[in-house]
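Asker: Use the sequences and the hints to build the structure in full.
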Amino acid sequence: MGAIKRKATPAPAAHIDAPPFKKVLIANRGEIALRVILACKEMGIQTVAVYSEADRNALHVRFADEEVCIGPAPSSKSYLNIPQVIAAAEVTGAEAIHPGYGFLSENAHFVEVCLACGITFIGPSAEIIRRMGNKAQAKATMLEAGVPLMPGSDGLVETVEEALVVAEQIGYPVIVKASAGGGGRGMRICNNAEELPDLYNTARTEAKGAFGDDSVYMEKYLLEPRHIEVQIMGDLFGNVVHLGERECSIQRRHQKLIEESPSAVLTPELRQRICDTAVRAAKAVGYYNAGTIEFLLDKRGDFFFMEMNTRVQVEHPVTELVTGIDIVKEQLRIAAGQKLSFTQAQVVQKGHAIECRINAEDPYKFTPSPGRISALHFPGGPGIRVDTAMHQDAVIPPHYDSMVAKLIAYGADRSEAIARMRRALDTLVIEGIKTTAPLHRRIMDHPDFISGAFSTKWMETFMEEMKHNPAGDPR
Amino acid sequence: MGAIKRKATPAPAAHIDAPPFKKVLIANRGEIALRVILACKEMGIQTVAVYSEADRNALHVRFADEEVCIGPAPSSKSYLNIPQVIAAAEVTGAEAIHPGYGFLSENAHFVEVCLACGITFIGPSAEIIRRMGNKAQAKATMLEAGVPLMPGSDGLVETVEEALVVAEQIGYPVIVKASAGGGGRGMRICNNAEELPDLYNTARTEAKGAFGDDSVYMEKYLLEPRHIEVQIMGDLFGNVVHLGERECSIQRRHQKLIEESPSAVLTPELRQRICDTAVRAAKAVGYYNAGTIEFLLDKRGDFFFMEMNTRVQVEHPVTELVTGIDIVKEQLRIAAGQKLSFTQAQVVQKGHAIECRINAEDPYKFTPSPGRISALHFPGGPGIRVDTAMHQDAVIPPHYDSMVAKLIAYGADRSEAIARMRRALDTLVIEGIKTTAPLHRRIMDHPDFISGAFSTKWMETFMEEMKHNPAGDPR
Amino acid sequence: MSTSRKKSAATKKTPAPRPAAKSTATKPSAPAVKASIQTIGLEEIKSLIALVGREPFQEFEFEAGDMRFRIRKDGPAPVFQAPAAAPIVMAAPAPSPAHHIPSVPAAPQAPADEPGIHYVTSPIVGTFYRSSNPTATPFTSPGDFVKPGQTLCIIEAMKLMNEIESDVAGEVVKVLVENGTPVEYGERLFAVRIG
Amino acid sequence: MSTSRKKSAATKKTPAPRPAAKSTATKPSAPAVKASIQTIGLEEIKSLIALVGREPFQEFEFEAGDMRFRIRKDGPAPVFQAPAAAPIVMAAPAPSPAHHIPSVPAAPQAPADEPGIHYVTSPIVGTFYRSSNPTATPFTSPGDFVKPGQTLCIIEAMKLMNEIESDVAGEVVKVLVENGTPVEYGERLFAVRIG
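Going down the list, the sequences are from chains A, B, C and D. Residue numbering for the first sequence follows my numbering, beginning at 1 and increasing consecutively. Residue numbering for the second sequence follows my numbering, beginning at 1 and increasing consecutively. Residue numbering for the third sequence follows my numbering, beginning at 1 and increasing consecutively. Residue numbering for the fourth sequence follows my numbering, beginning at 1 and increasing consecutively.
Don't take every hint at face value.
[To be verified] Result set (DSS-like, lysine-lysine): computed pairs, CA atoms no more than 25 Å apart in a straight line: (1) 23/B - 147/C; (2) 339/A - 350/B; (3) 22/B - 159/C; (4) 365/B - 457/B.
These are computed hints drawn from the structure, not numbers from a lab.
Answerer: Next up, the structure:
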């Protein structure tokens, strides 16, 4: 096995602003590790890649200035292994660590270890991560900041009588949920007071059987909500701005498949209201770094706080394309103690961007399809951005997530963005593994997608349609 | 050999505007053929690729809806073979032909054949092409339209006395050129009246020896001119707008290597003046389609008409990136008789774009390097556009030009665009052939390039520098 | 135009059957409009003539049922430099084994060739016709013996009828293209068993 | 933390040498600054002490020529849950042929291994030291015979000294890493001829 290599890097050119860091370690893999490396390269920052034995030939390793093998393939022994990541930063002299998304990115303990070792964590403080990671605490904070929460019971609902009172307060339909629950069990949707008593009792019985705990709580149930999130950025000086919203309603089992910006359904007034609310939410926790506030939006234009992600998001490129702001470079500047390089007034949403996540999965059954990529061609030309760490002959290891590429199309308007995404999917070649590209291609032609008439429930009905029309694969 | 294939294409979706044509044949190969196919796909136009036997496995063939082999590898027997191209349009029922650049794109005869056969040529009329293709006629037209021409003798200069008078009128330095000349022979640069008689006579003697013709003419000689060109677009209704300028001074033997927009040296006033002049020039010939007016700019801000290109330019992407306008799609609309889809006021230059032409050549000796691409990775991420028809295992045939890809970097400003181009070149992998990528990488680090202090002569001095510092290859 | 198509003579080095280009004054008829127009009146003919007059055609032939007419204009010569008056007769390209023309990659999808079988391929892009007009008998059919220079078919391109000649002697064993369908450069038209 | 490093014990299935983790109270010194500072005055020492005081170091040792000093702070314990006072002793990973851990691809750049030679590899990322402190003799040198469980070197990571033990018995034939240089996970440290 090879020793830690230091590669020759061109001397930083005179005109570049002093880089915010000399050397940054990227504690991640795949496309996001490469994305951070690209940002560092643009800023004249030296990069250290860490990798597991399964990723020896990965592009993030190839393109970093230095590389350190930190463990065997399983994440728990490599990318999630805090002492190994820290030791890699120490032996290479990296001043800061960018966590990407996933892995250690929202691990408050890791942030504390970085701090203790004198390494800058490129993200918010451990305290902010803890506060927003704890659902109850996050909700309490948001309530205080005047951010709308999903109406619901104040804790557990002990009796049918109480359930009826709560339902009357928050309005039907309501959902009764097992507090120990998950996976839809111990969960009942009620449309009116008549059916509530029976459904309440069934939910409790089912919860008891499934989890050994029959305690339930209640929330308002949105029939066809949209997932709208707001990208925010804050610095250490208390400045917080938003970069507009992203529409992420095309999702399957809470896994986003397609994201776009702007949303096709927000009026300028509603957009302003949601974005202002997100800024208020971020300011309430003294937020700094890139962050995302996720909301559910109902048909009447009411929106409710879901959660905050305290890291760069998979779908950040759509926001970068419509605003022209490089979110990852801004993260690096913020972590180095610089002020935000732009004001709210300078953030302008222009054009439309759509991202399709291309996963190594069967496009209809979603079973993972790891393996070797025998032929590869990524689309290019106007308005297409590809974020990927794949290459021909790359082997997709079974140990990590299945995303192989993000295909992002930009156009002057939504119609041009869709047209470009279609032809990008038509000129994408990935052979040797199955991918979700054909699924995306079908969605791009679907009247609901084209008209923007979809909710977070849409993929379910779409998959049903597909079952009855499996032959319509346009590829 | 396979028959003409018709591939299944998804039905055009409801929301797309009626496509300007039903079916377009692309009379070209390589990246520009693919570029036109992408534009057609976005507009719902069916595409027909033509190809020579050497291009059987090319991507423009793979991604077109139909494909017709039109001849053996040599261009003269395939891509330049007018009857074969026309016959391919006839048998496939293509209504229009997009010529790309090079090959038949500025062939007035071909335009006439298209007309005679009832096929729309996507470009200007044969008459316009003839007029702008003939140097004397183009100059006369420009003079009439008040476009500044390079000061010079009115025809041949017969005697030393006449030479001295002309030189006095146009100002030193002047250049004496053999009217039959080329390649620098029979050419003399004179800085003052004292050296003129001798140099004038030497030029004539050399011209006589080299070409058997000692007639010479004179022009003003610009010491370190810059190549500035203006992208214009006109429609059949007499509307002509400009899309700003491109700086193309980084060239070697009149072959452009790097192009950018905007130019780093134009003041807003000068930009306005050059662009207005270009629009005037295009209006003077009743121009329609995309076109480029090339100027030489001297150090004092004077500029002189060089020539007009009546087709889409290799470097059109830099303009597309800073204006957000899709030039190829606009060409298709114009040819179908639609009005320009934007006004001059709607054209806004935003940000900065740089293009590097990656050629299959030795980066220092420029000897062609055809062959098989054994490994390939194109850079992605924010601000990078790649226009290419290459793929891993592609074989670059020796019959055609050596450009394998256009790497285009976009940034909020020139500094960000340069930084992105650097990291794009650093993450570009092309194995199996030599390319000019390392040369571009060095130029991106050169203080002259960074400061914008270069002229069309700059590559000569840069290549000299390289000879003395061949080891400095940053890759 | 015609020279660039006489591929076989120029590129062959072995003493293989070498068809000579020949000129002929006989003009095969244009492909007939084979639609359901079985009868046509004087007014229709007049309107066709007027239409042809407006179009930049040099020549126009029409045939329907028993009727057949032809228009030829003496206007400006057509802009492309082709002998407009006479059809071009050309030879099919000779077989070109890879070692003769190394710049042409072997077609990867070509099936393994049967020994003794020669394929007559199309030297141009156009529409393939087996006979000089729809009512005529085909130039050749399976079982016929052909000799070099013998016309095998017509390929129409740019309103011109191009006779394609055999470049070998032998028995036609198969016609590989349907009458009236487009063919591309190099496409196999006939399989001929040499001998 | 220490459990995740005891790779050999957890993953081995064959009855191979299985070193036990052991604890030791002796703390090896930190690596010396081996630069060209041959003499150093009181002022320099003071400034070094001040510097170290500001940094979040637990311990600092310095050595130049005859001089040697060491600083140790009793500040707040580091936030990570590691036994800060004692170094962690861990076993080197046992040889892991591909059929035992198929998820780990064979390193493509590894040269063909000499038969009978076993490589002791690093179970962690850190800085490699051959001895417990700069003046001490190396734990092992070429020619030495080692047995399973014997300490071969120290790897420093996160200010902790981790003793690396041999997982085989045999003769050390080569030390593959320079003293004081960084090593990564899986990097070969010693070549041992088994026997």
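Asker: Now tell me if each hint is right for this structure.
Answerer: Now the hints, each set against the structure:
1. Restraint check for residue 23/B and residue 147/C: the C-alpha separation of about 41 Å exceeds 25 Å, so the hint is violated.
2. With a C-alpha separation of about 24 Å, the suggested pairing of residue 339/A with residue 350/B holds against the 25 Å cut-off.
3. Taking the CA atoms of residue 22/B and residue 159/C, the gap is about 22 Å. The hint holds against a cut of 25 Å.
4. Between residue 365/B and residue 457/B the CA atoms are separated by roughly 17 Å; this keeps the pair inside 25 Å, and the hint holds.
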